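S.K.: Spelled out, the chains give:
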Amino acid sequence: MAAENKAEEEMPAATAADPSAEQKERLIAAVKKEVKQLMEEAVTRKFVHEDSGGVTALCGAVESCLGQGLRRRALGLFKTSSTTALLHKIAKHCPEAALVSARVLAAEGAPAIRSASGVERRPSVPRPPLCKRGSGSLLSQASVQAPPQSRYLWIRIALFERQLAKIIEHLVNNANRYYERDALVADPDYGSILSSLLVGPCALEYSKAKAPACFWTDPPADELVQRHRMSAGTTTPPSVRRPILSFKRSLNASSDDGSTVTTGTGKPGGAKDYVESLHQNSTATLLYGKNNVRVQPKDVEEPMPGYLSLHQTAAGLVIKWTPNQLMNGYAESEGIDKSVYWAMSLQVCVWEVVYVHVHRSQASDALILVGQDGVQRPPIQFPKGGHLLSFLSNLETGLLPHGQLDPPLWSQRGSGKVFGRGRVRRRPMPSLCESDETEELETDDAAGDYVFRIVNNTIADREAMMRHSLLERAVQSPPRTPRRTLISTSTTSSDSSTMSVDCPPSAGINGHPPLSPLPTNHPAEQAASIELVCSTMRRQIISRAFYGWLAYCRHLSTVRTHLSGLIHPNIVPREGAEGGLTEERWQSMTDEQGAVHDKDEVYRLVYYGGVQHDIRREVWPYLLGYYEFGSTAEDRIEQDVACRRQYETTMSEWLCVEAIVRQKDRETTAASIARLSEASGKLKPQDNNDPSEVFEDDCSVISDNPPIVSPEPSENEQKRPDKPVLSRAPSIDEVDNIELDSDKDKETKLNGETDTGNNRESLDVESLKDLEEDDDVHLKSVVDNPDMRRESIAEIKRLAEGIVQKGEGRGLLCSVDSAHLNGSDFRSSIDESQPSPQPQHTSVIITNPSVDIAAGGSPASGGTTATVSPARSPLGVVREESQSAGASFDTLEPSDRHAPDTRSNCVSPASSNGGVYSNELVESFALNLHRIEKDVQRCDRNYPFFTDENLDKLRNIMCTYVWEHLETGYMQGMCDLAAPLLVMMREEASAHALFVRLMTRATDNFPSGQAMDAHFADMRSLIQILDCELYELMHAHGDYTHFYFCYRWFLLDFKRELLYQDVFAAWELIWAARFVASEHMVLFIALALLETYRDVILANTMDFTDIIKFFNEMAERHDASAVLSLARDLVLQVQTLIENK
Amino acid sequence: MSSRKKVLLKVIILGDSGVGKTSLMNQFVNKKFSNQYKATIGADFLTKEVIVDDRIVTIQIWDTAGQERFQSLGMAFYRGADCCVLVFDVTAPNTFKSLESWRDEFLIQASPRDPDNFPFVILGNKVDLDNRAVSAKRAQQWCQSKNDIPYFETSAKEAVNVELAFQTIARNALAQETEAELYNEFPDQIKLNANDNGRNRDGDNCAC
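Each protein sequence line maps, in turn, to chains G and Y.
Just so we're on the same page, the working numbering is the position in the first sequence counted from 1, plus 1289.
Position 123, counted from 1, in the second sequence is what the working numbering calls 110; the numbers after and before it change by one each time, with no gaps.
Keep in mind that the hints were calculated from the coordinates and are not lab data.
This one's a predicted model, so the numbers in the text were calculated from it and none came from an experiment.
Please note that a few of the clues may not be correct.
[Unchecked claim] Residues from chain Y that face chain G, not an exhaustive set, calculated with beta carbons under 7 Å:
1. 5
2. 63
3. 131
[Said to hold, decoys possible] One-sided and incomplete, this derived list gives chain Y residues near chain G with beta-carbon spacing under 8 Å:
4. 17
5. 18
6. 19
7. 20
8. 23
9. 28
10. 29
11. 54
12. 59
13. 97
14. 99
15. 100
16. 105
17. 116
18. 163
19. 165
[Said to hold, decoys possible] Chain G residues, not near chain Y, derived (Cβ > 10 Å throughout):
20. 1310
21. 1321
22. 1361
23. 1957
24. 2341
Where is the CB? At the ideal position from N, CA and C, for every residue including glycine.
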């Protein structure tokens, strides 16, 4: 638009050379800007709406470019400032233009004749019926906004038809024909720039969808936050903006019974929407609207004018009253806090209303709504003159067909609806009888009181019955009073009934005119019964209100008591701690022996200011309770050494199990591959290699599969599938799964066993030398194996069979594993049962001379040198082996196979001991191992720290932990928890030690524990207390019993929500808070996260799934320091709250 | 009810950890593959609009954690599912074996109206890898034995069959959804509950 104006004013000056260059620059810049914006819009929304302002702006900019320097005179275009004529002109030569021209004519229809004056060929163009394709809405819009010629129409259409760039290109190429020499289009540079600029917009997707719903209903989280920032200009932090305990709000809300509604009115952000909702719209029909209806809200002296409206929505009728201050165009309220007014606005669902009281006096007409719960809304005062009546008649109409006013308004010929006349249909209606006998009185300014009941037909019957019996019981009404009477008493207006119903103490807000006593012209007994009924009702209403209130207060107090458990009662002062724990401070706190004593101060500093990054490695062990405060540097070194030793010991334990697992895996895989290849009818040379190689060179270093042609392919082929059968004998289910091969298996089982035995035997050898450190059993078997190998196949077979039997159903592996036990002191339980510890030891020594170092060994493992050796050898070595493969681990398994053999020679009884590495244990460790590996591999792959080497460290930490906690096992998420520790400590053993500490708290968060549910419950209470508005929203959207969107937060201590740097800070905060403010700091961080985006959540009335998606998308994009400091504030808030109790 | 109402289909992806659930979902929705995905914790979902039989439907695909012990969490997510996608890794036989228990678990937790005819789709993922260990035939057989569940061999990495599979998923889910619509009490139930909730809260909290 701006460009347009500019163009117009510049038009006369087009001849001046110098300014024109400048002008061209400006024009082209305007186009550039609009193109850029449009493209951005397209990128964020994936399409552009045809009515978008961006399109119009671009068209305007293009128009001014095209208009500049146009040779109007030469082209005979004097009369029009538009370039439309130009289009039609060039249509002859340019096919694209012709197409667009036709479309334009079609769109313009008859009125276009005037504007397109210079178009001689127009009549000849076959005009399609006004299809308005692609321009329907646009046309109407154009005719409203733009001058009648709808100036940009052709540009728009050309744009939507994606022809604009080509047309302009044509213009540029033929510029000398249509343009002055110094025109922009004629300019060699600018002209081509212009046409090429438009290529982009011409490639966009334009949509005419009425409401681009898919975008607006499902925008990405970024977009939401962005939008919020735009709309919310000056937002104060939520905690500041709202009072902590907005009791008032929730009380209102409960009486309003429309939590959605309340949240809608409560938020400033939704103000515009709300006001718009007061008008006619697609979701709600406006039945009645009247401004300057006065209502006197609570805490306000004077009745305030406002807008009263009646809406028909899907859920029923809704009566709304909005203070004028909130309505559009109320200038005075700019800049002041409107929340007060939001609290005043009324929103009443008609089905929640039972009685409508009408008080007519000379001064004004007042209407009071009484809800089912007995709660009475502030009186709504209508200006004089039939407004109230028309409101009521609209209400009555709106209630149909499901409900009605009881008594109905009396329809009167000539003057429309009037207030009912009791005599006609109902039993006596005292007030009517006495106050108006004539129609004039009724329709005009009759004073008097009426009560209408709103009857919901669907539930009316049941309810009437209920109410009735209740009343009857309470009142002991005279038998001759018919039921009907009772119902009508409540509906009939009588001064006394009105009064009694209207005055529960809680509803003292409304200013009722004092009412006269009961009229005397009624049968006394009827009056008495009415009185009775009314007093009962009053009592019931009062008591109900009271108990409701009491329950609410109790609930809140429970919540508060509960919350007090979440925080420490004493507030630790913040003064001087903002800087956090700096290196300097840390140094100054450390005494000459390297001990730090003042732990409270450390915690305090960390809590308020975090730890300086450089000393984190030093401080974290304290924070996690691994180092004791007051321990000297020496103590700590000692502790570290012991810890490392312990760690390595444990590692060596699981490493040998890992080896077993590897072998099993390999077999399984081989088996399934074999099966697969068999199934597909192919011979797999690879499969043949395995056994053949085994056969051929026993003693060579066995690398995976050197391609050696098997001497007996057919036999090998048969054997192959057997291997798994044998090895996995215990797991019958798995065998079952090998459906395809089962037949073959049976046939060759015996052979298979022998062969496998043979294979295994051959496999061990060389690579074991590397592995010796892991397990003496293996070592031993290495030593023994050579002998064994000499034994006949038959012998081995016999032994193997024997083993299977001995295993007592456990199967081969089981007994194999028990061999480990004998050899290893890690699990020393069965030492005494071993007749042959010595041979094993010897074997260790023999095979192990290079690696075995007694130094570290003896203290740690009490006798078994082997256990220590891995400790000494850099872990990397062990690692290498496990990585380097197949080979080394393969060999482990065979050695196991031999172990029984050897044992049967020397340690035969041990095999029936039931082994420590029972089959279950191996299986369960295998399962964990696979999971760990899967997760470690994909843990923070994008973080540079996690090279293969460090991932291996992580894996070791995981395995070690899991080995120590096999009953819990590995759970997804543990990797994430260990990763930052490893990043910080860089060294396995200490990272593991910290991880163990961390897990003592975190284990409970995992599905096996109970903490998660507790967290959810706590979150719920916290939100309820600290942010009722949000609470209401969550409540309104149903299943908020579980705050699943917080699941990952709690499980991983926000590790996935924040960037690494921030994770460090958040974790320190959590650890330190334990001793400073709250043991449940995670809750407050979670709450802070939620609060940070509360306005976005509220403004978009997000439900459960929306919030999950929102936070998942926002992961790692939070402003952590703000969130953390808000979390501290929230703790403080709760502390103050509890303190002030 | 009205057939013009916007259709939202809820699809749950299940399967052992590391079989490629997240990758499949992202390949389908975002048309890209990343080797940077981490193990899914909790649950996440993505939505995408697809056209099924000339109807525009929105599929809401829920990606869950693979470790079975996290499935207790799944309850909340399973509810109201229109289709369940079971994924296994063709290079890992164990992931294939556990399909059965995934299926059972889902049926128990989601308790669909008609368990026998609830739409499942099986995806054998990672067919781009060489070390395949579960034959197509075997998978196919299993699927046939389970009431002819549609089976697709996919590669999230190379976008093999992903689109096709999800088209089927959407179609079957839509069929399920339309079937569900025939039972008209469903929307009513919701409404009643909402009312009840409202009223209860009213009563409990306050009435002044």
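S.K.: Confirm or reject each hint.
M.R.: Now the hints, each set against the structure:
With its C-beta approaching chain G no nearer than about 4 Å, residue 5(Y) sits inside the 7 Å limit, and its interface hint holds. Here the hint on residue 63(Y) is kept, as its CB sits about 6 Å from the closest CB of chain G, short of 7 Å. This hint is violated: residue 131(Y) has a C-beta 14 Å from the nearest C-beta of chain G, more than the 7 Å allowed. Taking 8 Å as the C-beta cut-off, the interface hint given for residue 17(Y) is violated, the closest approach to chain G being about 12 Å.
At about 13 Å, the closest approach between the beta carbon of residue 18(Y) and any beta carbon in chain G exceeds 8 Å, and the interface hint on this residue is violated. Interface restraint check: residue 19(Y) against chain G, minimum CB-CB distance 15 Å, threshold 8 Å, status violated. Against a cut-off of 8 Å between C-beta atoms, the interface hint on residue 20(Y) is violated, since the closest Cβ of chain G lies about 13 Å away. Evaluation of the residue 23(Y) hint against chain G yields a held restraint, the C-beta minimum of about 5 Å falling below 8 Å.
Checking residue 28(Y) against chain G by beta carbon gives a least distance of about 5 Å; that is within 8 Å, so the hint holds. Using the Cβ-Cβ criterion of 8 Å, the hint placing residue 29(Y) at the interface with chain G is satisfied: the shortest such distance is roughly 4 Å. For residue 54(Y), the interface hint holds, since its Cβ comes within 8 Å of a Cβ in chain G; the closest pair sits about 5 Å apart. At a threshold of 8 Å, the smallest CB-CB gap from residue 59(Y) to chain G is about 5 Å, leaving the interface hint in force.
The beta carbon of residue 97(Y) is not positioned within 8 Å of any beta carbon in chain G (closest approach about 15 Å), and the interface hint is therefore violated. With a least beta-carbon distance of about 18 Å to chain G, the hint placing residue 99(Y) at the interface is violated under the 8 Å criterion. For the restraint placing residue 100(Y) at the interface with chain G, the shortest Cβ-Cβ distance is roughly 20 Å, beyond the 8 Å limit, so the hint is violated. Look at residue 105(Y): its Cβ only gets to about 21 Å from chain G, farther than 8 Å, so that hint breaks.
Hint status for residue 116(Y): violated, given a least beta-carbon distance of 12 Å to chain G, over 8 Å. At its closest, the beta carbon of residue 163(Y) sits 19 Å from a beta carbon of chain G; the interface hint therefore is violated under the 8 Å criterion. The interface hint given for residue 165(Y) is broken, as the beta carbon of that residue sits about 21 Å from the closest beta carbon of chain G, more than 8 Å. With a minimum CB-CB distance of about 46 Å to chain Y, residue 1310(G) clears the 10 Å threshold, and the non-interface call stands.
Every beta carbon of chain Y lies more than 10 Å from that of residue 1321(G), the smallest distance being close to 31 Å; the non-interface claim holds. In this structure residue 1361(G) is separated from chain Y by more than 10 Å, as the shortest Cβ-Cβ distance comes to about 48 Å. A Cβ of chain Y approaches the Cβ of residue 1957(G) within 10 Å, the least distance being about 7 Å, so the stated non-interface status is violated. Its closest Cβ contact with chain Y, about 6 Å, brings residue 2341(G) to no more than 10 Å, contrary to its assignment away from the interface.
The structure shown violates the earlier hints numbered 3, 4, 5, 6, 7, 13, 14, 15, 16, 17, 18, 19, 23 and 24.
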